[in-house]
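Spelled out, the chains give:
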Amino acid sequence: MMARTPMNRRQFLQAAGAGACAFCAARALGADAPAQAPSDAKPQAVVHDAMWFERLPDKAVRCTLCPRECVVAEVERGYCGVRENRGGDYKTLVYGALCSINIDPIEKKPLYHYLPTTTALSVATAGCNMECKFCQNWRISQYRPEQVDSLVMPPENLVRVAAARGAPTMAFTYSEPVVFYEYMHDAAAIGRKEGVGSVMISNGYIRADPMRQLCKHLTAVKVDLKAFTEEFYRDQCAGRLKPVLETLEVLADVGIHTEVVVLIIPTLNDSADEIGRMAKWLLDHVGPDVPLHFSRFHPTYRINNLPPTPVATLDRARKTAMDAGLHFVYVGNVPFHEGGHTVCPGCGKEVIRRVGFRTDVSNLKDGACRACGRKIPGVWTQEQALAFTPKAPAAPKSEQAPAAARS
Amino acid sequence: MTRRRFFARAAASTALAGAAAGLPLASCAQEEPGAAPPAKSRVVVIRHDSLVAGGDGLSPKRVAEVLDEAAKALAGEARAADAWARCFKPQDRLAVKVNCLGFPTSPAVAEALVQALGAMDLPAERVTLWDRTSRELRTAGYTLRSGGSGPRCYGTDALAPRGNGGYSADVFISGGTGSLISRIVTDEATALVSAAVLKDHNLAGLTGVMKNFYGAIHNPNKYHDNNCDPFIADACAQKPIRDRLRLAIVDATRPQYQGGPASRPQWQWPYGGLIVGTDPVAVDRIGCEILSRKRAGVGMKSFEAEQRPVRYLASGQALGLGAADLDRIEVVSIGRPWLDIE
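For the protein sequence lines, the chains are A and B, in the order given. Counting in my numbering, the first sequence tops out at residue 419, every number present. Counting in my numbering, the second sequence tops out at residue 1751, every number present.
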């Protein structure tokens, strides 16, 4: 019973509005096109005031959006490649510059406990604040805005397209939405008012205050937990583990629906000990009900010398995590695997059954197991999604308020 | 010093230099990592009144004459054409990487190189002046040109229709870097010149001929941690760059000793020089010495004291790209002594 609402090209373009480029839109909405840079790239940056930065002497700025806290001299960009110092003001170059836009099943994010069978209007800009050597979408995440072709779509138009397409959700995904924070923030805020939810599919590499601020508008978050060692984050991702764990704690504190994905890469992050410690940490800091997905690696980008993850490795990881006490542990990127189904922790019956991106929720009734009545944690209706408010809506603390950072 | 006396003295320097040592021209591009470099890398620092104006005030014709002298001193040749022919062949397709970010390489210096190479029958039409984007080139004062007579001048982005925004289809790995490289390098050029400008950099300490190649890769933003080290050296060691690099020229007509990479006129001064060599590490080492001497002279802290040591030079030497140690560099100073800095 997977939802698929037809919409013709004319309807889409009308909804996209004046800001949309018809040529790019047609390309971007090609049937389930993978996220990648077009071959005839043209500069299409959309400059907008950045949020979350501090001014420094000599027209330098310090970006306070992500844990890197890049100090950026005039004319230079931050690590993400999409935020630039122009005369001492910090600008995002990708506000509404969408290099990928697709209608995806929500299960593809993956979000398994969030509005199953629905679709999400999924978008990305160029850029990322990490450099994972195994990135599946490196042809957009590791590119600068001028190196990809982009469809320019203001946030209000994105919301309109989602609504017209019958998608209850906008997903900020594919590359790294932290680096297009301003667009995501504004689109999510508008979406809330218009009845469209917003999910962030992220590496979680963001500072606490921007994350809390964003949670006022989001309805769910998926975090890629790349591994559970600092060495892996340093050597494979050019990042750090600790800030990602802090983000998971913030999300748990705020109470927003969160799912976690771990891409298991043979020999690099697949030890039982590491998986066990990771599961224990999630149990202690996020709780037993956080959905955890172990996903299968395929060689790509800068890691082409390792094989795809053996399914047995994923099975072992899943068992380790479930033995540690996590209730909902999944295997991903393996079609027809039994680890893709949601099983009731109470009675052991399958509550949600998934085959590829086709999802059967007939055993879920009012958010509970039809067999035993046990509540299954998650977001099961759009009303529930839009009703979310952060438990601890803390105002930005150390940094300037976002509004003040906008000139 | 009159022009006549200057060039007479330059000729004497050339003869001396030529007698002193065999020339390691183009050797920088052919060493294997870890291989022992030549005994000494020669770097020519040439200063002349015609270079003092800097920027828009430079005459490409005059700068070409100065460049000829530098080339003769570098190669130990009596004739400029013979000196240039030690670096390039007439059939080369030469790509001259200029730096247009913030405070740019003077267009007159790049144009002077094109003129000078005419003496060795390398047609201007076989030379491309380039940087990341055509917009940056135009902003820096370059005249864009994709055909007709004269040198080509366009950004990597002009090749976007070939895919990947004008960058290679494949990722090139070098040390800690993994990058796509401009198709101007991979698809068009048989020889490269790094034509940089001498200026301060807020993270690397110095921007010179090595960091100039951050403009040849698609993801320079990824490589600024740890004072850009070892990433600058890694980028220069990328095979398509290393194999093609023949010459390094630094526009030191009006260097900038603080506040880079943006242009900060209050920290620029009329040094009136060009730094020329075939060893990019040695050329940057000499540039570093000049900026450091200037900073000390005006009472500024050293790069090290400002937590931005020029680390990448040692990494470049370790990779076999050239000589970072001063005792492995022979400086041929023409005109005003190179470290005579007010």
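No lab work stands behind these hints: they were computed from the structure. Among the hints, a few may not be true.
[Unchecked claim] Pairwise CB distance ranges (calculated):
| # | chain 1 | residue 1 | chain 2 | residue 2 | range |
| --- | --- | --- | --- | --- | --- |
| 1 | B | 1648 | A | 320 | 27 to 33 angstroms |
| 2 | A | 243 | B | 1500 | 16 to 22 angstroms |
| 3 | B | 1596 | A | 394 | 48 to 54 angstroms |
| 4 | B | 1596 | A | 243 | 34 to 40 angstroms |
| 5 | A | 243 | B | 1702 | 38 to 44 angstroms |
| 6 | B | 1702 | A | 81 | 29 to 35 angstroms |
| 7 | B | 1648 | A | 59 | 33 to 39 angstroms |
| 8 | B | 1734 | A | 318 | 38 to 44 angstroms |
| 9 | B | 1544 | A | 81 | 55 to 61 angstroms |
| 10 | B | 1716 | A | 206 | 44 to 50 angstroms |
| 11 | A | 293 | B | 1584 | 32 to 38 angstroms |
| 12 | A | 207 | B | 1465 | 54 to 60 angstroms |
[As the list claims (entries may be wrong)] Computed, partial: chain A to chain B, Cβ under 10 angstroms:
| # | residue |
| --- | --- |
| 13 | 67 |
| 14 | 71 |
| 15 | 83 |
| 16 | 84 |
| 17 | 86 |
| 18 | 87 |
| 19 | 97 |
| 20 | 99 |
| 21 | 156 |
| 22 | 160 |
| 23 | 310 |
| 24 | 314 |
| 25 | 400 |
As the structure is a prediction and not an experimental result, all values here were calculated from the model. The beta carbon of each residue, even a glycine, is placed where N, CA and C say it ideally should be.
Structure-based check of all given hints:
no.: 1; hint: 1648/B to 320/A: 27 to 33 angstroms; verdict: holds, 29 angstroms
no.: 2; hint: 243/A to 1500/B: 16 to 22 angstroms; verdict: violated, 50 angstroms
no.: 3; hint: 1596/B to 394/A: 48 to 54 angstroms; verdict: holds, 51 angstroms
no.: 4; hint: 1596/B to 243/A: 34 to 40 angstroms; verdict: holds, 38 angstroms
no.: 5; hint: 243/A to 1702/B: 38 to 44 angstroms; verdict: holds, 42 angstroms
no.: 6; hint: 1702/B to 81/A: 29 to 35 angstroms; verdict: holds, 33 angstroms
no.: 7; hint: 1648/B to 59/A: 33 to 39 angstroms; verdict: holds, 36 angstroms
no.: 8; hint: 1734/B to 318/A: 38 to 44 angstroms; verdict: holds, 40 angstroms
no.: 9; hint: 1544/B to 81/A: 55 to 61 angstroms; verdict: violated, 29 angstroms
no.: 10; hint: 1716/B to 206/A: 44 to 50 angstroms; verdict: holds, 48 angstroms
no.: 11; hint: 293/A to 1584/B: 32 to 38 angstroms; verdict: holds, 33 angstroms
no.: 12; hint: 207/A to 1465/B: 54 to 60 angstroms; verdict: holds, 58 angstroms
no.: 13; hint: 67; verdict: violated, 15 angstroms
no.: 14; hint: 71; verdict: holds, 7 angstroms
no.: 15; hint: 83; verdict: holds, 7 angstroms
no.: 16; hint: 84; verdict: holds, 9 angstroms
no.: 17; hint: 86; verdict: holds, 4 angstroms
no.: 18; hint: 87; verdict: holds, 4 angstroms
no.: 19; hint: 97; verdict: holds, 9 angstroms
no.: 20; hint: 99; verdict: holds, 9 angstroms
no.: 21; hint: 156; verdict: holds, 7 angstroms
no.: 22; hint: 160; verdict: holds, 7 angstroms
no.: 23; hint: 310; verdict: violated, 16 angstroms
no.: 24; hint: 314; verdict: holds, 5 angstroms
no.: 25; hint: 400; verdict: violated, 35 angstroms
The structure is inconsistent with the numbered hints 2, 9, 13, 23, 25, although it conforms to all the rest.
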